[in-house]
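Spelled out, the chains give:
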Amino acid sequence: MAQKYQKVAYYPGCALEGSGHAYDRSTRALGKALGLDLVEVKNWNCCGAMEVKNVDPKLQTYLSSRVMSIAAKEMGFDAVMAPCNGCYHNLKKAEYDLADDQESRDVVGKLSEAAGHAAYQAGNLETIHALDWIKEAIGEDGLGERVKNSLKGLRVANYYGCMYTRPRHIFPEKDQGAGSESTSQPHFMDDLLAAAGAVNVDYPLKTACCGGAHTLSDSDISTKLVLNLLQTAEAAGAEVIATECPTCHTGLEMHQVRAEKMLGVKTTVKVLYFTQLLGLALGLKPRKVGVHENISDSIGFLKEKGLA
Amino acid sequence: MPIHEKSLIRPENLHVHEELEIDGVDVSGHWSTFIGSRVVTDYNEDLEEEIAALPGGEHIHRCWQCGSCTNSCTVYAVNEDFNPRYWIYLIRIGMEEELLRDGDIIWQCVSCNKCTYACPRDVAPEGVMKATAHWLELKGHRPKSPSILFDEVFSEQVFATGKIEEGRIVRDFFRRTSQPLVQEWLVEMVRRMVRHLPLKQLMTMGWFTILRPRTRGWGRARAAIAEHVAEEEARRRAALGLVDKATE
Numbered sequence: 006m007a008q009k010y011q012k013v014a015y016y017p018g019c020a021l022e023g024s025g026h027a028y029d030r031s032t033r034a035l036g037k038a039l040g041l042d043l044v045e046v047k048n049w050n051c052c053g054a055m056e057v058k059n060v061d062p063k064l065q066t067y068l069s070s071r072v073m074s075i076a077a078k079e080m081g082f083d084a085v086m087a088p089c090n091g092c093y094h095n096l097k098k099a100e101y102d103l104a105d106d107q108e109s110r111d112v113v114g115k116l117s118e119a120a121g122h123a124a125y126q127a128g129n130l131e132t133i134h135a136l137d138w139i140k141e142a143i144g145e146d147g148l149g150e151r152v153k154n155s156l157k158g159l160r161v162a163n164y165y166g167c168m169y170t171r172p173r174h175i176f177p178e179k180d181q182g183a184g185s186e187s188t189s190q191p192h193f194m195d196d197l198l199a200a201a202g203a204v205n206v207d208y209p210l211k212t213a214c215c216g217g218a219h220t221l222s223d224s225d226i227s228t229k230l231v232l233n234l235l236q237t238a239e240a241a242g243a244e245v246i247a248t249e250c251p252t253c254h255t256g257l258e259m260h261q262v263r264a265e266k267m268l269g270v271k272t273t274v275k276v277l278y279f280t281q282l283l284g285l286a287l288g289l290k291p292r293k294v295g296v297h298e299n300i301s302d303s304i305g306f307l308k309e310k311g312l313a
Numbered sequence: 020m021p022i023h024e025k026s027l028i029r030p031e032n033l034h035v036h037e038e039l040e041i042d043g044v045d046v047s048g049h050w051s052t053f054i055g056s057r058v059v060t061d062y063n064e065d066l067e068e069e070i071a072a073l074p075g076g077e078h079i080h081r082c083w084q085c086g087s088c089t090n091s092c093t094v095y096a097v098n099e100d101f102n103p104r105y106w107i108y109l110i111r112i113g114m115e116e117e118l119l120r121d122g123d124i125i126w127q128c129v130s131c132n133k134c135t136y137a138c139p140r141d142v143a144p145e146g147v148m149k150a151t152a153h154w155l156e157l158k159g160h161r162p163k164s165p166s167i168l169f170d171e172v173f174s175e176q177v178f179a180t181g182k183i184e185e186g187r188i189v190r191d192f193f194r195r196t197s198q199p200l201v202q203e204w205l206v207e208m209v210r211r212m213v214r215h216l217p218l219k220q221l222m223t224m225g226w227f228t229i230l231r232p233r234t235r236g237w238g239r240a241r242a243a244i245a246e247h248v249a250e251e252e253a254r255r256r257a258a259l260g261l262v263d264k265a266t267e
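As given, the protein sequences belong to chains Z and P, one line each in that order.
Under the working numbering, the residue at position 12 of the first sequence is numbered 17, and the numbers go up by one with no gaps.
Under the working numbering, the residue at position 238 of the second sequence is numbered 257, and the numbers go up by one with no gaps.
Keep in mind that the hints are not guaranteed to be accurate.
Straight-line alpha carbon distances no greater than 30 Å define the calculated DSSO-like cross-link-like pairs of lysine-lysine that follow [what the hints assert, rightly or not]: (1) P/Lys158 x Z/Lys266; (2) Z/Lys63 x P/Lys163; (3) Z/Lys63 x Z/Lys37.
If you want the footprint, here are the derived chain Z segments under chain P, 3+ residues with CB under 8 Å [unchecked claim]: (4) 10-22; (5) 44-54; (6) 118-124; (7) 171-178; (8) 259-270.
Coverage of chain Z stretches by chain P, computed from C-beta distances (three or more under 8 Å per stretch; other residues unrestricted) [what the hints assert, rightly or not]: (9) 62-72; (10) 208-222; (11) 291-300.
Keep in mind the hints are simulated off the structure, nothing from the lab.
Note that the structure is a prediction, hence the values are computed from the model and not measured.
For every residue, glycine included, the Cβ atom is placed at its ideal position computed from N, Cα and C.
So that you can see chain Z by itself, here it is in the shape it has in the complex:
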């Protein structure tokens, strides 16, 4: 029985306080239901998302390093869990840069000192995603034993997005053979949802891009990309797209509406966070996992399926 990650630092990030609140709610509810301890990083700041790096990549490294410094040096944790792909990606990127690049260490050292906190050093902390967290701390077997309300063959397309697997070099633990996550064919979400009773459809766009970085600045391209993701999921026979990133999730929901209004193309596939689906399988009520907070209305659908 896996005993790793029973108690980890939790970094929700800005999106989970806003548009991705359902992801925060369902992640916390899932931890509670599974008996896993999440301790929120104290007085955290934004990791820099996808924007600060375009102003200056070193500042993104600093912002992410401050979060890791608090988790490791002030709170004494050896692992921090970030459910948001953007946060997860940036913390991983900062870890890589600080191990690899003297200039990044210099900038982080200088800014940390000026800001009045300990500088983070590579190796102080391990950054994990919510998928790693459930996979390691509970595992498929453990999850299977705890399922009270099986997903009963719900047909799911698993959508991982860009930031969870690319670029490869910032994820040294991936692509390490059996048991590890794959950057070309990720499967952790598939594994967990299958353990909860879902049927994973063959979805070729698991790591395709939703255009999240330009969701407002170049909306037409985002709508095109999202529509492709939605229609391909429907063609693959999926009833639900399972997500693991608030930017992807909101992007899918937002451009599903935009495609309907601007292009007159309606798609009916539902969009739910994987934590929401796992929570429902553990017998939690839809409200407990924030289904009412999603833009994509799946309440009626879940009732029909006997999951609500």
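Position chain P against the provided structure of chain Z, taking the given hints into account.
Leaving out everything else, chain P in the frame of chain Z:
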């Protein structure tokens, strides 16, 4: 996906004559298209170094033109004019004027990093796209793109308070790009977003917008970041040979 290659022959230099006879030989029609001669005299020999001096462009010299970037590109699949390999080629040989002809779309890179994943030479083409977009704006060839304006609105909030508030980002961005906030699809999205929310949560969201989330004790970090930004800006301008008016 096959890569549609762009020719360095400009369309306006291709001449087809419906009826033309030269020295008694009929050369009418497409079979004898004439190419107007062009002498390129405007090479920017420093172009590669200028791009390499901006964040993300550091490894452009490694490129050996395999085309994996364009082949894997998300935006290329939507628009065949979006061709990272071609732009890297132009930058490396200094053909600035050709590069400027695509100056209006280079900012459209969505940072999906498929190119960086596929590149066998660790060029990090995604970074090169961002460096090139910055270069176009710093040199005054292009106005600030919507993408850069969004990055700036976002970063300003992070630098000011340590955190962002999404509603404010959307409002500030729409204001800065002179777009109306009331657009049919946005209104519909908000309607769907709030329809199941209990009143208490709506009120909390409202307060959040007014109070703004912030990191406590952020003042010293804010000052340190501002100083870093100013230093970095001066470094970039110097690298591109742009002399500040103030120091002139």
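Hints versus structure:
This hinted pair does not check out: P/Lys158 and Z/Lys266 have alpha carbons roughly 39 Å apart, beyond 30 Å. Pair hint Z/Lys63 plus P/Lys163 holds up; C-alpha atoms about 22 Å apart against a cutoff of 30 Å. Of the pairs offered as hints, the one joining Z/Lys63 and Z/Lys37 is violated, with about 36 Å between alpha carbons and a cut-off of 30 Å exceeded. Beta-carbon proximity to chain P at under 8 Å applies to 3 residues in the segment 10-22 of chain Z; the threshold of 3 is reached and the given coverage holds.
Residues of the segment 44-54 of chain Z lying with their CB closer than 8 Å to a CB of chain P number 6, which satisfies the three-residue condition for coverage. Taking a C-beta to C-beta cut-off of 8 Å, the segment 118-124 of chain Z contributes 3 residues in contact with chain P, enough for the three needed, and the coverage statement holds. Here's how the segment 171-178 of chain Z fares: 3 of its residues keep a CB closer than 8 Å to some CB of chain P, so the rule of at least three is met and the hint holds. Counting residues of the segment 259-270 of chain Z whose beta carbon lies closer than 8 Å to any beta carbon of chain P gives 6, which meets the minimum of three for the stated coverage.
Three residues within the 8 Å Cβ limit are the bar, and the segment 62-72 of chain Z against chain P gives 6, so the coverage statement holds. Coverage of the segment 208-222 of chain Z by chain P holds in this model, with 8 residues showing a Cβ closer than 8 Å to a Cβ of that chain against a need of three. Taking a C-beta to C-beta cut-off of 8 Å, the segment 291-300 of chain Z contributes 3 residues in contact with chain P, enough for the three needed, and the coverage statement holds.
Hints 1 and 3 from the earlier list are contradicted by this structure; the remaining hints agree with it.
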